[in-house]
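Residues per chain, in single letters:
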Amino acid sequence: DVKVTQSSRYLVKRTGEKVFLECVQDMDHENMFWYRQDPGLGLRLIYFSYDVKMKEKGDIPEGYSVSREKKERFSLILESASTNQTSMYLCASSDFFTGISTDTQYFGPGTRLTVL
Amino acid sequence: QKEVEQNSGPLSVPEGAIASLNCTYSDRGSQSFFWYRQYSGKSPELIMFIYSNGDKEDGRFTAQLNKASQYVSLLIRDSQPSDSATYLCAVSNSGGYQKVTFGTGTKLQVIP
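Protein sequences, first through last, are from chains A and B. Per this note's numbering, the very first residue in the first sequence carries number 1; after that it's consecutive. Per this note's numbering, the very first residue in the second sequence carries number 117; after that it's consecutive.
Worth flagging that the hints you see were computed from the coordinates, not collected in a lab. Hints may be right or wrong, so weigh each one.
Said to hold, decoys possible - The list that follows gives simulated cross-link-like pairs (lysine to any residue, SDA-like), each with its CA atoms no further than 25 Å apart: (1) B/Lys-172 - A/Lys-13; (2) A/Lys-71 - B/Glu-161; (3) A/Lys-57 - B/Glu-121; (4) A/Lys-13 - B/Ser-159; (5) B/Lys-183 - B/Tyr-167.
With the rest of the complex left out, here is chain A (with noise of 0.2 Å):
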């Protein structure tokens, strides 16, 4: 069965902390996604990778950095955390596309972050 974890489910930091949000797939999956999601915005895409040690910026990458040391593991960094980055983070994974995948992504169970 498809699994993706996250590290919390609830997390609450003071402004300026840095934070680490960790998810972990065992699906042998190649790209792995950060989203946070608000009411009204959607999902919202912050950072992706396709392979380990690679990354691409999403469409919000400010104030974010990511790593992926390893196939599985995905981390997320809030740099020096701030009240707008309170948000749902959701984690998610997909398999590499090969021209005919059905680019279906398998989301963790999200970690309600909140900044105060």
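Since the structure of chain A is provided, determine the placement of chain B on it from the hints.
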């Protein structure tokens, strides 16, 4: 113009009725189209995907795609209260890397 547009709802239908959810997209090069369901407080889960023009049926769900009109829809037959959720439309351009754009979702309420 948003890349993927959905009516936010809520769309209310009585139990047993057909729920019709609609989505339009702006990129004519889009290749793959997805419907995800998201229950409150949970993460999205895939219901269906469709590539080709026409209808695709899976149980009570039917996805419809019209590339000429840049329109994709999801029909839910015999709607159940357990179908109450937010439905996200997603579109992939499949151009070199997997760029998937999500709509903001339509909230469906099925009234018992």
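Exercise. Straight-line Cα separation of A/Lys-13 and B/Ser-159 no greater than 25 Å?
Worked result: It holds: about 22 Å lies between the C-alpha atoms, which stays within 25 Å.
Exercise. Are A/Lys-57 and B/Glu-121 close enough, with their CA atoms no more than 25 Å apart?
Worked result: With a Cα-Cα distance of about 23 Å, the restraint between A/Lys-57 and B/Glu-121 holds, given a limit of 25 Å.
Problem set entry | Given hint B/Glu-161 paired with A/Lys-71 - CA-CA distance at most 25 Å | holds (22 Å)
Exercise. Does the alpha-carbon distance linking B/Lys-172 and A/Lys-13 stay inside the 25 Å limit?
Worked result: Not satisfied, since the Cα-Cα distance of roughly 45 Å exceeds 25 Å.
Problem set entry | 25 Å limit on alpha-carbon distance, applied to hinted pair B/Lys-183 and B/Tyr-167 | holds (10 Å)
In terms of the numbered hints stated before, the structure departs from hint 1 and from no other.
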